[in-house]
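Enquirer: Sequence:
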Amino acid sequence: MNFLQITSLLIVLAGAFGALNYLFLKLPSAIGILVVSLLASLVILSVDLVAPSLGIANVVRDTVTGIDFSEALLEGMLGLLLFAGALHVKLSDLKKEWRLVCLMATIGIALSTAVVGFGFSWLTGMPLIVALVFGALISPTDPVAVLGVLREADLPKSLETKIAGESLFNDGVGYVVFLVLVGIAFPHGDDHHGSGAADAAKLFFQEAVGGAILGIVLGWLTFRLMRRIDDYSLEVLLTLGLAFGGYELAVYLHFSAPIMAVCAGLLIGDIGTKEGMSQQTREYVDAFWKLIDEILNAVLFLLIGFEVFAIAFDTSFLVTGIMAIALALVARLAAVAIPVLMLKPFRQFSSGVIPIMTWGGLKGGISVALALSLPEGEWKPLILTATYVVVIFSIIVQGLTVARLANRFGRAPDLV
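In the numbering used here, the protein residues as written are 1 to 416.
Simulated from the structure, these hints should not be mistaken for laboratory data. A portion of the hints provided could be inaccurate.
[Claimed, not checked] Once the Cα atoms are required to be at most 30 angstroms apart in a straight line, the calculated BS3-like pairs of lysine-lysine come out as: (1) Lys380 x Lys202; (2) Lys96 x Lys157; (3) Lys26 x Lys157; (4) Lys96 x Lys290; (5) Lys380 x Lys96; (6) Lys274 x Lys90; (7) Lys274 x Lys96; (8) Lys344 x Lys95; (9) Lys90 x Lys157; (10) Lys95 x Lys202; (11) Lys344 x Lys90; (12) Lys290 x Lys90; (13) Lys26 x Lys290; (14) Lys157 x Lys380; (15) Lys290 x Lys274; (16) Lys380 x Lys95; (17) Lys274 x Lys157; (18) Lys290 x Lys157; (19) Lys157 x Lys95; (20) Lys95 x Lys274.
The model shown is predicted, which means the values in this text are computed figures rather than measured ones.
With these hints in hand, go ahead and build the complete structure from the sequences.
Expert: Dropping the structure here:
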């Protein structure tokens, strides 16, 4: 299938599954599409078990594996999704929460990677450095999944800013940590991952700092240009060019493209909308990026449901995946609780902040994409299966219950 045929198929299925969810399941849009696509995948696999001669599962598997999910997300959709997410997080709100956001996106990621890595190595006998790679790819909360659920959960503003801001930044940091660890664990793999421990510090600095600087510079240049223009269609096109072009430039320069997209989106979404756009342009830019966000979310969650065809249905792998759920939750608890406790002498937090942010730290397509991008080897099938199990549990179970948990602890204004 060519690119146009694949795109057409995904959009048709996303629309059809979205309609089925709207009419029958009535779940939040993105989660509903994931559930329907996962159920459809399991039905196809069941039919294949009963009537293997039909070969239906093989046809679907060939189609799914023919779509490079890792490349499609990491080098295509992710830039638009992160830019759209950052566009709607105001710097003024984020400024109030910056200490906690920074600690959770740095110390929190490091703690979570270590907890998952050491625990997974102990559970499976996997070499520690390879287990730490799994820890790095499963630790970041997925901003796509998180922001999609936040729209439905109606959480208090301060808590929503904490969760959304942290997910936007820890995704970029987690991706850089993943690249560093892959470079150490697989020194003869993809050159982009580096060649060993000696390059780790240089790679981290280049990716993280370079991505942030590039995002700010490109965002500022776009803002200055938009100030001189009063044409909403052209200004929407400029933001689209910033998201697409900036992301690809960051990939080419080996900077962190996710961090670039977040920094550029935050700048345009705050300073750009206030000082560089007319009221009409603001409305069009906001509506355009909300629509892009919704459509890409639908396609992404559809793909996650179909990626079940890429995992290994080995009983021991599935059991390990279930244990990895508990391990990921413990790691997430450490990543939230320790930064909060570090800041408690300087500010007050409600008792509900830790459980809600722990349960609301959803994993998503980025973790699956990173697992798929690993070099082929002995441990990749286990890592991929465990990642998929954790992600499915996180999106469906945690995503559908986080609002209920927030209601239990009280909604506002004490969740500060």
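Enquirer: For every hint, state whether the structure bears it out.
Expert: Each hint tested on the structure:
1. A hinted pair counts as satisfied when its Cα atoms are at most 30 angstroms apart, and Lys380 with Lys202 qualifies at roughly 27 angstroms.
2. About 11 angstroms separates the Cα atoms of Lys96 and Lys157, which keeps this hinted pair within 30 angstroms; it holds.
3. With a C-alpha separation of about 25 angstroms, the suggested pair Lys26 and Lys157 falls inside the 30 angstroms cut-off, and the hint holds.
4. Between Lys96 and Lys290 the CA atoms are separated by roughly 25 angstroms; this keeps the pair inside 30 angstroms, and the hint holds.
5. Note on Lys380 and Lys96: the hinted pairing is violated, with a Cα-Cα distance of about 41 angstroms set against a maximum of 30 angstroms.
6. Among the hinted pairs, Lys274 with Lys90 is consistent with the structure: their alpha-carbon atoms are about 11 angstroms apart, no more than 30 angstroms.
7. This hinted pair checks out: Lys274 and Lys96 have alpha carbons roughly 19 angstroms apart, not beyond 30 angstroms.
8. This hinted pair checks out: Lys344 and Lys95 have alpha carbons roughly 18 angstroms apart, not beyond 30 angstroms.
9. Restraint check for Lys90 and Lys157: the C-alpha separation of about 11 angstroms stays at or below 30 angstroms, so the hint holds.
10. Taking the CA atoms of Lys95 and Lys202, the gap is about 29 angstroms. The hint holds against a cut of 30 angstroms.
11. As the CA atoms of Lys344 and Lys90 are separated by approximately 24 angstroms, the hinted pair is consistent with the 30 angstroms bound.
12. Restraint check for Lys290 and Lys90: satisfied, since their Cα atoms lie roughly 15 angstroms apart, inside the 30 angstroms limit.
13. Restraint check: the Cα-Cα separation between Lys26 and Lys290 comes to about 21 angstroms, which is no more than 30 angstroms; the hinted pair holds.
14. Between the alpha carbons of Lys157 and Lys380 the distance comes to roughly 40 angstroms, so the proposed pair goes past 30 angstroms and is violated.
15. For the given pair, Lys290 sits about 18 angstroms from Lys274 by alpha-carbon distance, which is consistent with the 30 angstroms threshold.
16. Using a Cα cut-off of 30 angstroms, the hinted pair Lys380 and Lys95 is violated, with the two alpha carbons roughly 40 angstroms apart.
17. Distance hint between Lys274 and Lys157 is fulfilled; the C-alpha atoms sit about 20 angstroms from each other, no more than 30 angstroms.
18. Restraint check for Lys290 and Lys157: satisfied, since their Cα atoms lie roughly 19 angstroms apart, inside the 30 angstroms limit.
19. Distance check on the hinted pair: Lys157 and Lys95 sit about 13 angstroms apart at the alpha-carbon level, within 30 angstroms; holds.
20. Between Lys95 and Lys274 the alpha-carbon distance is near 17 angstroms, which keeps this suggested pair within the 30 angstroms criterion.
Checked against the numbered hints above, the structure violates hints 5, 14 and 16; every other hint is satisfied.
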